[in-house]
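Asker: Generate coordinates for the entire structure from the input sequences, incorporating the hints supplied.
Chains as they are written, first to last, in my numbering: chain A, 1 to 364; chain B, 1 to 364; chain C, 1 to 317; chain D, 1 to 317.
It should be emphasised that the hints constitute simulated quantities derived from the structure, not laboratory data.
Hints are not guaranteed to be accurate.
Pulled a few chain A residues facing chain D out of the computed Cβ check, cut under 8 Å [as the list claims (entries may be wrong)]:
(1) Tyr34
(2) Gln124
(3) Gly126
(4) Val296
(5) Pro297
(6) Lys302
(7) Ser307
(8) Ala308
(9) Met334
(10) Ala338
(11) Thr341
No farther apart than 30 Å at their CA atoms in a straight line, the calculated lysine-lysine pairs in the DSS-like style are these [what the hints assert, rightly or not]:
(12) D/Lys28 with D/Lys260
(13) C/Lys252 with B/Lys51
(14) D/Lys226 with B/Lys110
(15) A/Lys331 with B/Lys302
The beta-carbon is built from N, C-alpha and C at its ideal position, and this holds for glycine as well.
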Amino acid sequence: MAVMMYRQALNLALREEMRRDPDVFIIGEDIAHYQGAYRVTEGLLQEFGEKRVLDTPISEEAIVGVGNGAAMLGLRPVVEMMTVNFSLLAMDQIVNHSSKLRYMSGGQIKIPLTIRAPQGAGMQLGAQHSQNFESWFMHIPGLKVVAPATPYDAKGLLKSAIRDDNPVIFLEHEMLYTTKGEVPEEEYTVPIGKADIKREGRDVTIITYLRMTAVSLAAAHALATEGIEAEVIDLRSLRPMDTETLIESLRKTHRAIVVEEDWPMCGSGAEVITRLQEAAFDYFDAPITRVTLEDVPMPYSKNLERSAIPNEEKIANAVRCVVGRECRDIKRKMLEEARQTREELEEEEEEEEQEATNVRHHNA
Amino acid sequence: MAVMMYRQALNLALREEMRRDPDVFIIGEDIAHYQGAYRVTEGLLQEFGEKRVLDTPISEEAIVGVGNGAAMLGLRPVVEMMTVNFSLLAMDQIVNHSSKLRYMSGGQIKIPLTIRAPQGAGMQLGAQHSQNFESWFMHIPGLKVVAPATPYDAKGLLKSAIRDDNPVIFLEHEMLYTTKGEVPEEEYTVPIGKADIKREGRDVTIITYLRMTAVSLAAAHALATEGIEAEVIDLRSLRPMDTETLIESLRKTHRAIVVEEDWPMCGSGAEVITRLQEAAFDYFDAPITRVTLEDVPMPYSKNLERSAIPNEEKIANAVRCVVGRECRDIKRKMLEEARQTREELEEEEEEEEQEATNVRHHNA
Amino acid sequence: MDKSELIEMYRQMVLIRKFEERAGELYKAGKIGGFLHLYIGQEAVAVGFISSLKPDDYVISAYREHGQALTKGIEPRRVMAELYGKRTGVSRGKGGSMHMFDVERHFMGGDGIVGSGMPLATGMGFAINYRETDQVCLCFFGDGAVNEGAFHESLNLASLWNLPVLYVCENNFYGMGTAVNRASSIPELFRRAQCYDLEVESIDGMDLLTVKEAAERGIRLVRRDKRPRFIEAVTYRYRGHSIADPGTYRTKEEIQEWEKRDPIPQFANYLLKEDLATQDDLDSIDAEITEIIDDAVSYAEESHEPTFDELFENVYA
Amino acid sequence: MDKSELIEMYRQMVLIRKFEERAGELYKAGKIGGFLHLYIGQEAVAVGFISSLKPDDYVISAYREHGQALTKGIEPRRVMAELYGKRTGVSRGKGGSMHMFDVERHFMGGDGIVGSGMPLATGMGFAINYRETDQVCLCFFGDGAVNEGAFHESLNLASLWNLPVLYVCENNFYGMGTAVNRASSIPELFRRAQCYDLEVESIDGMDLLTVKEAAERGIRLVRRDKRPRFIEAVTYRYRGHSIADPGTYRTKEEIQEWEKRDPIPQFANYLLKEDLATQDDLDSIDAEITEIIDDAVSYAEESHEPTFDELFENVYA
Ligand SMILES: Cc1ncc(C[n+]2csc(CCOP(=O)(O)OP(=O)(O)O)c2C)c(N)n1
Ligand SMILES: Cc1ncc(C[n+]2csc(CCOP(=O)(O)OP(=O)(O)O)c2C)c(N)n1
Ligand SMILES: [Mg+2]
Ligand SMILES: [Mg+2]
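Answerer: Okay, structure coming up:
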C-alpha cells in the first residue's frame, strides 16, 4: 500500500489506462501544458505527448461534442470539464447526445466516454463556482454517475469508468484533491454500482458520498462517544445506485439520515429516501431526514459559506434527532443570534452616518 | 366564462400583460412572423409590432442572455424556448445567471424574466424532443417553476409569472395546447405557490401536475366506480411547492401516490415523497409510491412511446396497491407477453432469412 | 465522369424525390408519426456530395436527412420501416425520421438539435486523425445552424486542429419561418465562416453538376490537406419546414421561381441534350424507383412494431 | 483633452495598480479568499475606455474586473470590503472578487463564466434601444472568451438588431496557461469578429493615449449609429492568471519585454515630457493613492462580516 493524494490517485488511474489502451486520450482546458487546474493531469503530456493529451480552446460544448464524436467511432475519450459549473454550457451534448445516441440508433452506437468534473464548495469561489450537479446527471437515463470519496475509490472507479462502454459522469470534489489515503500498488478496479460501508454501526445509518463521507465519519466518531453507533455508507456510485446495500443496513438500524452537499430539492437525498420508504417502509421507525446544503446560491463570504454547507455538528445533531436523543434546532438558534447582532450593527452604522452628516454641516 | 384552448388562454395572458405594461416584450424563435411553433404567440406581432415581439436567430444561449440583460435594466422579458429540450443550450444563462445575479449582487439586481417552455411527450417526437426538465429547474434556488394543467391556471399563472420580480420557468405541455377549459372574462391571476385540489376524495391522495392532472382525474373517475374516492391535487407551482396543502390532504387520506410524466431519479415525485415522509410520517399507513415515465430515453415508435408514459391504468393500479386493493404488476405481465411475441418474430425472421438463402442457392 | 455514374446520380435524385413524396402522403394518411421534414428540392446537394465519398467516409446530418441516408446506401425498406416505427427500421423504430443511423455504412445519423451535429462531426474528424486513416467526415446542416454557438466552436477547433471535415451548409433560405436575412447578420453564409482560417465557397446547390464538381474537389482537398473546408450550397425546399408548416412566410411566386430550377428536370434535360440518356431510359428509371418505393412501403407495412421489452434495451451498452 | 483629464487618468491607473498590488499581498496574508485575478498591466484599457463613457452608460466585465469597477467610480473601500467578504462590500460580501456590482453606477458586474457576459451586454443593448435612450453598453472580455459560442451568438444578434454595444476584447495573450495561438484558429482576434458585419479594429492596449483615442471614437460611433463595434485591445497581464498560477507557460524574458511597455511609466513619461505634470505632482498622486488604499484596507478590516440571517436574503426579490 502506498499513501497518496486523491489527485495523485486519479493521475495514476489515467496513466495506467492510457498505457493499457491506446484508444484512451484526454482533452480539456489547460490539462496539458498547464498540467490541469487541479493538477490531476500533471505530467501526462510529458508521458503521452500532444496526440493523446490536448489542451482545448474554452469551448465546452465543442469539447464534449468532440468526446461524443470520437466515442461514436470507438475511441475512449476522457474529457475534463475544468469544473462542473462549466458543464452547463455542454448540457446539450451530454443530455441530448451522450446519453441518447445509443438508444436513438437502436443500439448501433456506443459512447465509451468519461467526463471528469471537479465540483463542490468550500473555497469561497462564490455562487457560480461552487455548485454540485449530481442530481441533474442522475436524472438522465443513459448516463452513469460516480463520485468517489477516497483516493482508493477515486483510482478504482476512474479505471472502471474509462473501461465502461457507456458515458460516465465522474464527479470529483475540489476539496478532496489533496486529501490522502492508501492505494494498493497492484492493479485493481472498483465496480460501478456498488456502495461501500465505510463504518459499521448498529444504531443508525448515515448515507452519503463524496466529501460528505469524511465529514459523516467524523460525526459518527463523535456520536460513538455518546454511545450512538452510526453505520456510514458511501454510495460511491449514484447512478446506478446500490439500493440493496442501503436496505440491508436499514433492516439492521431501522433509522437513517442522508447527507449531501448539494441543494435539497429533487436532490440525491430525495431519491435515496424515496427508494427506502418504498422498499423498506416497514423497517424504519422514524422519518429519514436529509442534511443538505442550505437552499441558497453560494455566498462568497467565508462565514456565510461555511454556515451553508453541512458539517459534523449538523450531521451529529440530525442523527440525535432520528435516534430520539435530545437534539436542537441549530438554525433557529443561529438566526436569533444573527438578528441580534444585525440590529446592533445597523444602529452603529446609522450613528456613523449621523456623525458624518453632522461633520458636514459643521464644515458648512 | 368563456371556453377556450390552453394555448389561447396563454395567448390572452400575454396580450393582457403586454397591454398592461409597456416593459413586457417577447422574444424567441419563430414566435413573430411564424406565429409560434405551437401558435401561443399568434397575432402578437400584429397587435404589438416588431419592437415588442421579436423573432430571434437560433441561438438559445443568446436569447436567454438577452432576456437576462434586459431584465437587469428593469424590463420584463418573456422568452420562449421553442421547446424545453433546447433550453439545454441555455443552461448557463439560466442557472449561472438568471438564478444568481440577484444574490451575487447582494440584492441590487432583479431578474423579472419569464421563460416559457413547452415540454413533454406523446407525439412520437423521439428522445431529443420529448423531455421534461422540471426537476432540474426545481433544484435551483433563485428560480421559480410553475406548470399549469388547465387553461384557467395557464392564464392566471402566466400573468403572475410576468408580474413576478424573479425568474420564473413556465412549463407548458405540448399535448395540452388544444385542450379546452373555462376561463373567466374578467381579470384574474393565479398565485405562484398554491396547489389546487382538482378533485376531493377521502381514501387516497393523488399528487400530480401538468398533463398528468387530467390523466389522474380520469383514473380517479374510474376508481370511484370501485368505491375508491381519490383526492387529486394539482401542484401547479413546483418551486415554491405548497407542501401544506399536501399534508392537509394526507392527514385525511393517510395514503398517497405521486404521478409525474418525467423520469424517476431525483424527480419531482422524489421531492414530494421526501417532504411528506418527513412532515407527515405519522399520517400515512403505506409507502407513497410514484408513477413515472419509464427510466429510458423516449423511443419514436408509437407503441413503445405510449407504453413508456404513465396512463390511467397504471395510475389506477398504483392507487389500488396503496389502498390495499388487489393490484397487478402490469409491467411484468407486459414483459412476459412481449418476450413471447419476440421469440416468434425472431423465428419467423430466421426462416425468411433461410428461404432467401435457399432461393439464392437454387438460382446459383 | 462516365455515363453510368451520371445515370446513377439521376437515379439517386429520383429515389429521394419519390421516397419523400410518398412519405409525405403516408404521413397525412397517419402511417408516420412525429415530425417529418422532407428534402424535396435539395436532392442535388445530398447526391452530389455523398456520391463523391468513399464508402468508409463518414456522413452526419440533421433532421432533414432522409436524402442523405438513402444516398449513403441505406435500403429504402429500412428507412421507410423506421418512419413507420417498426423493428425492422434502420434504428429499430427507436429513432424515427430525425434519427436514422446506419453505422455499418458510416452514416452517423440525423440529429434533432440544430447545429449539434457539428461538434460530433468535429469529433469524428479528430478520431480519423487519431487513427491516422485517410477518411473524411461530411457534415450537413442548415442555414439556421450557422447562428448557434456550436457552429463557431466547431469551425474554430476543426481549423485549429487540422481536422478532415467538410462542413456543408445547405442554405435553403429559411429556418422554419425565419428568412436567412432575418437571422444572420450576413445573409451570404459562406462569409460567416470566413473568420476561422479555412477555405470557404458558395455554390449553386440546384445544379447537380456544379455540386458534383465542388464536392469532388472539396473532398479531395480535405483528404489531402487534412484541413477542414466550408461549402455553402444554395438550395431551396419546396415543401413546408415540416408537414405542419402553414407556409405563410413566403409567397407562391417565390416557390414557383425556384421550381424552374428544380434539380431533377434540370439534370434530366442535360442527360437528354448530351445524349447520355433517352426519355425511355429516364422513364424506366422512374418506373423502377416507383417499384422500389412500393416495395419499401409494403415491407414497412408488413413489418412488426418493436415489442415492449425493446423499450428497455439499448439504454446502456 | 485638458490637463486635468490626463492627470485624472494617470491617477486612475495608479489607483488600480496599487489597489491590485495590495490585494495580492492581502490574499497571500489570508485576508482574501476564493480566486483573485489581478489586472496589473492592463490598466490603460479600463481607464482609457471607461473614462470616455457618460456616467449613465453601462459597463459589464468578467472576473478580472477590479480595475473596471474602480474606474467606474466604485469607492475603493467598498471594493476592498467585498474582497474581505464584509457586509460593507459593494456586493454585501456575497459576490467577492469575481462579482462586483454597483447598479447605481451602472457597473453591471463581473462574471465568473468565460464569455457569458457577452449575451448579458447584448441584452442591455437591447434594453437601451427599447427605452430609446442614447446610452451605450461597454462589454469587456478576454482573448479566451472569443472561442465560446456566446461570443458568436452575441455578435451576430447585436449586429442583426443594431444594438449599441461596444465589445472590448482584452487580448493579454493567455487564457490561463493557454496561449492565444493555441486556442484561436486566427490569433489576430479582431479578425475573429469580421464575419458579423460590424466594424472591428485592433489597438495597442498598453498606450493610454492610443486607447483613449480609440475609445472616444468607438463610443461616439456606437452611440451615434446605434450599431455594435468590436475593439481588440492588445495588452498583457504581468501577474499570474490568479494567485495560484505556476506561470510555467511563459518565459521571464517575455514578461520583461512587456514590462518595458508598462502603461503607467509610459504615460508618466509623456506627462513629464509634455510638461503636463512635474515629478512632484506624480509623487504626490502616488502618496495620495497609497493613503486611499490604506484607508480602504482599514475600512475592510474594521467592517463586520455578514450576519447568518443574510445567508437567506436576496435569493428572491
Ligand atoms: C437547438 C434547436 N433550436 C431550435 C430547434 C427547433 N427547430 C427545428 S428545425 C429549425 C429550423 C432549422 O433551420 P435550418 O437550420 O435552416 O434547417 P432546415 O430546416 O432549413 O433544413 C428549428 C428552429 C431545434 N430543433 N434545435
Ligand atoms: C465557461 C468557462 N470555462 C472555463 C472557465 C475557467 N477559466 C477561468 S478564467 C479562464 C481563462 C480565460 O482567459 P481570458 O478570457 O483570456 O481572460 P483573462 O484571464 O486573460 O483575463 C478559464 C479557462 C470559466 N471560468 N468559464
Ligand atoms: Mg434552412
Ligand atoms: Mg487572456
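Asker: Let me know if the C-beta of methionine 334 of chain A comes in closer than 8 Å to any C-beta of chain D, holds or violated.
Answerer: 5 Å, holds
Asker: Taking the closest Cβ pair, is alanine 308 of chain A under 8 Å from chain D?
Answerer: Status holds, d = 6 Å.
Asker: Sort out whether lysine 110 of chain B lies within 30 Å of lysine 226 of chain D, counting only the CA atoms.
Answerer: Holds: lysine 226 of chain D and lysine 110 of chain B sit about 26 Å apart, inside 30 Å.
Asker: A closest beta-carbon separation below 8 Å is what the hint needs, so does alanine 338 of chain A meet it against chain D?
Answerer: 4 Å, holds
Asker: Does serine 307 of chain A pass the interface check with chain D, least Cβ-Cβ distance below 8 Å?
Answerer: 6 Å, holds
Asker: Hint validation: proline 297 of chain A versus chain D, beta carbon distance must be below 8 Å. Holds or violated?
Answerer: 7 Å, holds
Asker: Interface hint check: glycine 126 of chain A, Cβ to nearest Cβ on chain D, cutoff 8 Å. Holds or violated?
Answerer: 5 Å, holds
Asker: Lysine 331 of chain A and lysine 302 of chain B were given as a pair; does the straight-line alpha-carbon distance stay at or below 30 Å?
Answerer: At roughly 51 Å apart (the allowed maximum being 30 Å), lysine 302 of chain B and lysine 331 of chain A break the hint.
Asker: Measuring from the C-beta of glutamine 124 of chain A to each C-beta in chain D, is the shortest one below 8 Å?
Answerer: Status holds, d = 3 Å.
Asker: Should the hint that threonine 341 of chain A touches chain D count as held when the rule is a Cβ pair under 8 Å?
Answerer: It holds, given that the least Cβ distance between threonine 341 of chain A and chain D is near 5 Å, below 8 Å.
Asker: Under 8 Å, Cβ to Cβ, is where tyrosine 34 of chain A needs to be relative to chain D, so tell me if that hint holds or is violated.
Answerer: Hint on tyrosine 34 of chain A: holds, closest Cβ of chain D at ~3 Å, below 8 Å.
Asker: Against chain D, is valine 296 of chain A within 8 Å by beta-carbon distance?
Answerer: 5 Å, holds
Figure legend: structure checked against the earlier numbered hints; the only hint not met is number 15.
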